[in-house]
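S.K.: For reference, the chains in residue letters:
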Amino acid sequence: MHKTASQDPRARAKRGCRAAGPSQETAKTGTPWIRRLALAASLVPLLVPAGSCLNFEGYEQTPELTTEVDDWRDEVIYQILVDRFANGDKGNDYRVQLGAPARYHGGDWQGIEDKLPYLQELGVTTLWISPVIKNVETDADVDGYHGYWAQDFTELNPHFGDLVALRRLVDAAHERDMLVIIDIVANHVGQLFYYDINLNGHADEQLQGNGIDSPVTYINEYDPDFDARGIQSFTSLGEAGPAPIIFGNDPATNHMPPNPAVFRNPAVYNRKGRTLDFEVEDQLLHGDFPGGLKDVDTTRCDVKEAFVDVYARIIEQTNADGFRIDTIKHVEHEFWRYFSQRVRQRLALQGKTNFFMFGEAFDGRDDLVGSFTQQLPPGEAELDCAGGGPALTSDQLDSAFYFPQYFQAVRDVLQQAQSTDRIQALWEQRPTTWGTEPASGGVGIAPADIPVNFLDNHDVPRFLYNVRELDIAVQRKLLHNALVFLYTAPGVPCLYYGTEQEFRGGNDPANREDLWDSGFDQTGATFQWIARLAKVRKAYASLRRGELAVTWSSARTGDEEDAGIFAFERNGGTNKNGYSLVVINSNQVHASHTAFEGAAMTVLAPAGATLEDVLSGDTWTVADDGTLDVTVEAMSAVILVPAGDVVSLN
Amino acid sequence: MATRGRAPIILASSLVLLAAPAAFAAPPETPPPPAEPEPEPEPEPEPSADDDDAPTVSAEDLLRMQRRLDALESEVEHLRGELDDARDAQAEPEPEPESAPKPAPKPKPKPGPLSVGSVRDGQRAPDYADGFHFGSYGRVVAAGDARGRPGRDADIVGRGSRFDESTYAELELRREDHWEQTGAYTRVVATVAVRHPIFHYNGDFEAAIALRNLYIEELDLGLKGLSFWAGSRMYRGDDIYVLDWWPLDNLNTIGGGAGYQFKGGSFIKVHAGVNQPTTSFYRQLVARPLPLNQPGETDVAILDRQQILTSYKIGHVFDIGESGGGVKLVGYGETHHVRAGQRELSGESREFEEVPADNGYVAGGELSLFTGKRSTHLNLWVRHAWDLAAYGEFARPFQLAPDATTKGARELVVALGGNYEVSFFGVMMGAYFRRFRNASPDLDVHDLNEGIVLVRPQFWFGKVAGAAIEGSYQAQQRAVFPGLEDDTSGPLFSSLWRVGVMPFWAPAGRGSYARPHIRAWYMVTIRDEGARSLYALDDVFSVRPVDHLIGFGAEWWFGSTSYFRD
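In the order they appear, the protein sequences are chains A and B.
For what it's worth, the UniProt record's numbering labels the leading residue of the first sequence as 1, then goes sequentially.
For what it's worth, the UniProt record's numbering labels the leading residue of the second sequence as 1, then goes sequentially.
Each hint should be verified, as a subset may be incorrect.
Stated by the list, open to error - Going by beta-carbon spacing under 8 Å, a handful of chain A positions derived as facing chain B:
#, residue
1, C53
2, G88
3, D89
4, K90
5, Q97
6, A100
7, Q110
8, E155
9, I314
10, Q317
Keep in mind that the hints were calculated from the coordinates and are not lab data.
Note that the Cβ used here is the ideal one computed from N, Cα and C, for glycine as well.
With the rest of the complex left out, here is chain B (with noise of 0.2 Å):
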């Protein structure tokens, strides 16, 4: 039953909320951070000892309070905003007429720009609020390559550039409520993801859809700090925004978890849940006649096995200084496990073969700097994956070791993303390392090396509009040669550049999360022979070494989930 008459709780736990700094994850499909305010830390309260004599408030003074505490939170961040600006002035070298004070401004209608990249983790209960909620993050893409193509990825590494991604949205709704009896806050999500291709660009009236969210959480049952969840999720921590890419913890499964936010500023956070990717290393189907002498067939399944995963996270945020900034540390585990089973031996019937149990660990951390203004922060992740693990959590494994395990794959990857701003510039940047090698013990096309280094400035022109300028070097060392007819001297290596500039429009006012955007853009690649190598007969980047992308499109999220930190 939701809360009738518990205001003041509700109000401290928005205050809590927005005193967490919002964080950013986004799925694979691209989410970015959503547009949350920033807000300055506040002490957490305690929750009432006697929770009979807590005032009763009325759904409408709720609403009416809600309101109210979004109107000062954007006030907040507006003044910091000119705050920023104005030390900025003073910083110049020339000195300037001191400008006279200006009138506090009035409370706007929506929250401002949001303050976002690397904060603090926990257990913050996001927005709570009774009642039903929508949140979206969506982009819807026009593109081409100026030669009557449409845009296509062109990047050769695993994670990108984001100006050549396609069009994807997800649909978020979720109910929230309070309960009186126990304290408890409840939150029910179902997010629905679409991506392309959609109706208006192929005309054929189906899509590619998935629930990418479907779960329940609870807050402060029983005890104060502690949360739970039980459901399909995506689970993830801080993202690369310019690389759409979540460096150290980004899985999906059905299953639960729980955490815990101590009130020193450290968390921890456990999950355990499962997932059964379609590929053979988890499932096969052989047709069997039906049982009972009945004519016809029915598909048995010889191997259905699942992956059995969990996670672990502990970290804490050590608070610098007034301003809001701070040190975030966190360590992360996982294990991935798979049981033993048995295989059909291709065109056999009834012939099987055994299919070994399979395990998979992954340790990492992440090391976030953050200054509490306008979203500025720098994230480090180291993250070392083992066995199944270094597949990733969908992928087949494949090249396997002799024994058709997946012992001996090995992913490392050492990552860096940050952003900065200062009045009318931003820069938003991303860098990563990755190692792969797979099970097999030879060196094959699949074990590589790639990196990634990406930098985006960009530049408001006023509050309305901006441009980004966004340019990046990346490259990869693939474990293949060339055929017979030339001499060697070493793998394959491949990179490419990649410059562009993208123009926008920003209803929400400057900063590098704010959104939506409308926004147009154009970019040119320039790949190595290499790249071009890597790519089949008379596919066109076979043969291109310069490509052209030009843009149109959209990009927005709000109230999402998906992008609050938990």
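Next up, chain A with everything else stripped away, as it sits in the complex (with noise of 0.2 Å):
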């Protein structure tokens, strides 16, 4: 680990040290006394560089690898979009627009280390930054504010800060006991090419077609409708072959031509054109994602070895701990088999283990999601991508962005009051659909033990902002609610960043507000809430590791007398804690309770223990039989602890 001189960012900065200085010279004068005087004076310029070089405080040594994490489920994530979070160095602000949400606002690297002792207060411990690498700047008159537009793989995105500033923001987390996940994108690129597909050499727009032989048609050469066959090119005299593609050339706004020079060979594309239907998969794994984003052909090994090769450099060179990755689901199997074992062979040789790669599948089947999780044995032909490497197994993602339970839980039962048995169902189905075997090298323990929890994120509407009908206490409890599902729910919350402000923009990019505006005040209800949350989850062990029963769900969703409630058992973890229920009632309108016709829900607790609610501190007993009978408030939540067990969380 680097040193660190000074908790104070500022502090750090731009201090003396060593330097170059030029050299004496000396002028001979006429007389004896003047000529002393100016050996003298001319000795000057030499004793002040001195104290004026360059002071990176060791932040400009590339660092060594160190592994910062025991148990990623003892993780709280908080995802950060880079640009929206703060501005700690208006230095780089360049092309901010902050009236527009599509356009660059300033936040920066800079900006999150100041608010790491924010984030701290907040409960949370390891940091999701945006992507790194330098992007299209703009496009359509969108700004390539997300980091998810990648122009550059060898160079950071200068809005963000420099390498120092990453480093040393990697480096103040890690100070301060907290992991940094850098964001990645392997399926596509920014809108680096177009297809010149009337062969003019020009980008154009153009409609073909007259209406009458033909039909109409428009065709924008930067997003063309996707083609099986490959963009064909079209003249008057009918179509011409593959249409070649052309790399931007402007600067200004950094369509160029990728690097590294891998990336600039067009057979590295799969050039068929935007995706129109993801239920097809050819159009999935091969179309460009909308929005002209050029898909990669991830099945070729030098693709394979690029990726590694450019994703892994980032960590070393900043001694990160993770990586969120985007779009799995357009990306071949095959490819994250390689990916995901080289990259971990690689950072283990240079001391980082226990690295986290989660990916994200925006999609509600959870044997989708899972699947980049299992154990799925390499095909004959990926084999020659080994090379002379190890050989490659079935390894694929540590784990993945548990979509399905955004829609089938936090939608479906923590927003609209549907019937709890369908998180029931969707947690039952995950020991089939993800892996159950940890990865070789990963982070040790099995993908259906640490799917990546989350109420909401940069790609849907907030949390609020799907509630918005509803009377603003109401939207403020059933977040609350949601959140404590989000704390206690196996796997590792991640929390979307200015969801402790309670901002509720709507979809992207409405749901991407600038944090400063809420001037980081730490004395909200749902900050104290959340910070509470984290405490708690922090002091039992149980609740971050263990193992999980379901002990009450439902499929009533009316006025009945269990309607609403959801209870699931953390059982171990460590020697200590060992135990935890939590019980939430999603319904809206009544209070529950853990009892339909009579029949009451069965603990793992022995018969007479107190379990105590570690957020009201009342406290139930559990019944001769083995029984407990909890009512839960609407819209609220218990989590329940052998009273013995019950810690301070001041």
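Please assemble the complex out of the two chains, which come individually in their own frames, going by the hints.
M.R.: Okay, here's the thing in structure tokens:
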């Protein structure tokens, strides 16, 4: 790790150090007296530079890699859209247009470092930050502020800072026992080229067809519709073969040929045009992502090697702790096998183990999402890419962003009060849909036990937006209730920035508000609630590492006595604090309890055990028959632990 | 009304003027010291107690006396050179036959080579002579890189060799008067400057022209030794010719100033002025509908603030010995100030952000040693600028502090300049170290340390030609790193070596500061990988480790107030 001289980021910058100054020059003058004075004067420039060198306090050195985490389930991830979190350095404010949600707003890595105390107060332990590499600046009047429009994999995004700023952020986080996850994309690059369909060497938007003999077709050469044959060129005489692609040459918007050189080879792109139907596998895997984001042929060995190289390099240069990987469902499983294994191997050789890689598949199908974490053996063809390295195995990613839960639990249950049994059903699938064996050299936890849970993110409307029709007090209760679910469900909670400030933006980019507008207030009810939940989670290991057992769910959503109840136990984790029971009532109308028609919930806690709600202090006692009837108010929850295990959160 | 009857005073003042060794300054574009005779210090005459009793002199007499004075000064300078040569010869270890005394040289029609560098300062009246005067600095350059491209500045530091400077000229017209009724002197100066490219280069019947001086200056109005001025002015101190640079003070404002020259050699000067660089830091124009329901639009200045500058200089010249040598000490300070304002947010109609007020300061000093012989001198400057002043007078402050001010920006300059001449040999030198940190708390590409050491020995062949050889090493350290692909161990370091030769014809004879010159030159530049990385992809400088420069041209200066010390 780097040495950190001061916790004050301002104090670290721009200090004097060594320097090579200009050489001494003397001039002979007319008298000895003046000559001596001249000699003395000429020595002065040698003395001054000695205190003037550029001092990065060790951050100019490529860092040694270290492993900073024991069990990723202990972490609380906080997703940061870097451009919107905090502006710590106005020196990198290029193209900033605060009033336009789709433009750069000025946030940067320095701003995150400055606000680490705020995040620590919130209970955050891991930062997931936007992609760090250089992007297309702006495209169709939308900026690449989000970071998902890669142009140069060998350079950092100057809007966010420089290598020192990123290294220092990672180091400052580590100093606070926090981790950093970097967002990456391997499915596509930015809109770096167009298809020269009419072969005129110019990016056109054109109409083809006369409407009588042929249909009138609108063609945008940057983003033409999918063609399974590959985008075809077309002249007045008809089709003329595959359309050539032409890279941009506009430095102002950074529509430039990509780096490294392998990405300047047209053959590394699938060149089939814009995906129209994600249900069609060819389109899903080989189509350009809507918006003209060019799909890379991730089955090619050179592409696999290049992605491992450029992304492992970021970790080698920063000592960050994990990858969040974008759009994994648009990339073949074989790529993830190669990529995840080679990254783990490469980093482990340098001292970085327990490196966490979780992918995002924006999809409600649990089998699809989980498939990227399963042990799936490599095919014969892909073994060719193994080269001289270790043999490829069945390992893939460590985890995935739990989109199925977002739809079936957060949206359906916690926002819309649908039946809670769907959560149970979903969770019960996981041991079959997700991997159940830890990846070799991975985080040491079966993927099925470490899904990354979330209530919302930068691709979906914020939680409060989806309940905006309700009374404001009800909205907050729903959010707080969902947060209990987030912080107690198996896996790793991932909080989207701004949730603590009750941001309520709708779809992208409205859900990407500037956090500084909140004044980084730490007194709000939701901030305090989240901070408390984080302390609870930290205090009780069973909530982080315990085995799961769903103890109650209900198909009922009306005025039934258990409508809205969802309860689950977390058992084990460590020798201490080995048991907890979470009971959530998602019903928005009435209190419910963990019984129906006389049958009460059976729990693992022994009969006679007194369980205390760590949120309210209320207690319940397990009945002699091993059942527990807990009544929970509407849109509320309890987190019960053995009374003897209760610890002070202060 | 111009005087017609004050010959003694004019003469005395002229002597005072001539007695004050010239100093040098030039605009950023280049001008070096003008060729002016270096006089012997002489006691400053007191003004006549009764002006009405002063004898009258006709204009013709005045002109004749002025010419005579010029000739005498030229002769003095010539004799000094002869004396120096004789002393040098005597200093040789091998005895030489004593030469017969030479006859006194005849006065030359024009002043001989100048003596410059650093000398005493103060409000002397430089060559006040009634009437219109013309002065100029200029250089015209035809140069290329031996591969078909035109010559181009190859320095990586802020101030480097003059070999690769481009065409630039100043044309000065001034009017000078002595007023009989008040005893004051008046000078009105207008200086037009033109820079490359000029018509015979690109055929465009247009030019980049600036009016770099337009001011009036008064001397001895109400009090002997008091001067003041008002107008638009290049306002400068001593320079380093070989770097084309005024390390301590070089302000360009519209304003005014005053000074006082004490009899004992001390002087004090103050100045205040305004300017408004054309940058968004000072001004923002936005379109607004015309008022009163008129169709169309007009520009409205939402942000419209000027930079208010003041400068303060105090100094003293210590005479040492009888040969004209001495020491000058100068203390210097500046303040810069802009008021607060507001700016419309980009892309937002009538959404404004506050623009805070800003300030800057400079403190510095100069130690100047001079022999009084053939412009031999050594100057040392130390200058520190804070906040707004650290960015320079006309720059747009960038990489601001989190509060959108320049607070925290710093610039430190330590510079040396000098000249030494003896017989047929001379050497000029310039060196500096500069440390700049912008206001942004983090180090970035704009934060740098840089420096150069440049030496230019020169030899005169007889008195009509010579050759200069220039060698320099310059280095820069920027707070930036290579891309992710490379391991890093420190910020970018870049450097280059330059060696050049410049033969010249020197109609004005020997002297580092004697002009005009008609000259040719060759310079080789050797840049390291760091230096190449400072240039954009496909820039030839980004790929050439060795570069050549071949040029031919001319340089002159004469009679321009830009290079008078005042």
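S.K.: Does each hint hold? Answer for all of them.
M.R.: Do the hints match the structure? See the list:
About 6 Å separates the beta-carbon of C53 of chain A from the nearest beta-carbon of chain B, less than 8 Å, and the hint is met. Taking 8 Å as the C-beta cut-off, the interface hint given for G88 of chain A holds, the closest approach to chain B being about 7 Å. At about 5 Å, the closest approach between the beta carbon of D89 of chain A and any beta carbon in chain B falls short of 8 Å, and the interface hint on this residue holds. The beta carbon of K90 of chain A comes within 5 Å of a beta carbon in chain B, closer than 8 Å, and the hint placing it at the interface holds.
Because the beta carbon of Q97 of chain A sits about 5 Å from the nearest beta carbon in chain B, less than 8 Å, this interface hint is met. Hint status for A100 of chain A: holds, given a least beta-carbon distance of 6 Å to chain B, under 8 Å. This hint holds: Q110 of chain A has a C-beta 6 Å from the nearest C-beta of chain B, less than the 8 Å allowed. The restraint placing E155 of chain A at the interface with chain B holds, with a minimum CB-CB distance near 5 Å, inside the 8 Å limit.
Taken as an interface hint, I314 of chain A checks out: its beta carbon lies about 6 Å from the nearest beta carbon of chain B, inside 8 Å. Annotation: interface hint on Q317 of chain A holds; nearest CB of chain B at approximately 5 Å, less than 8 Å.
In the structure shown, no violation is registered for any of the earlier numbered hints.
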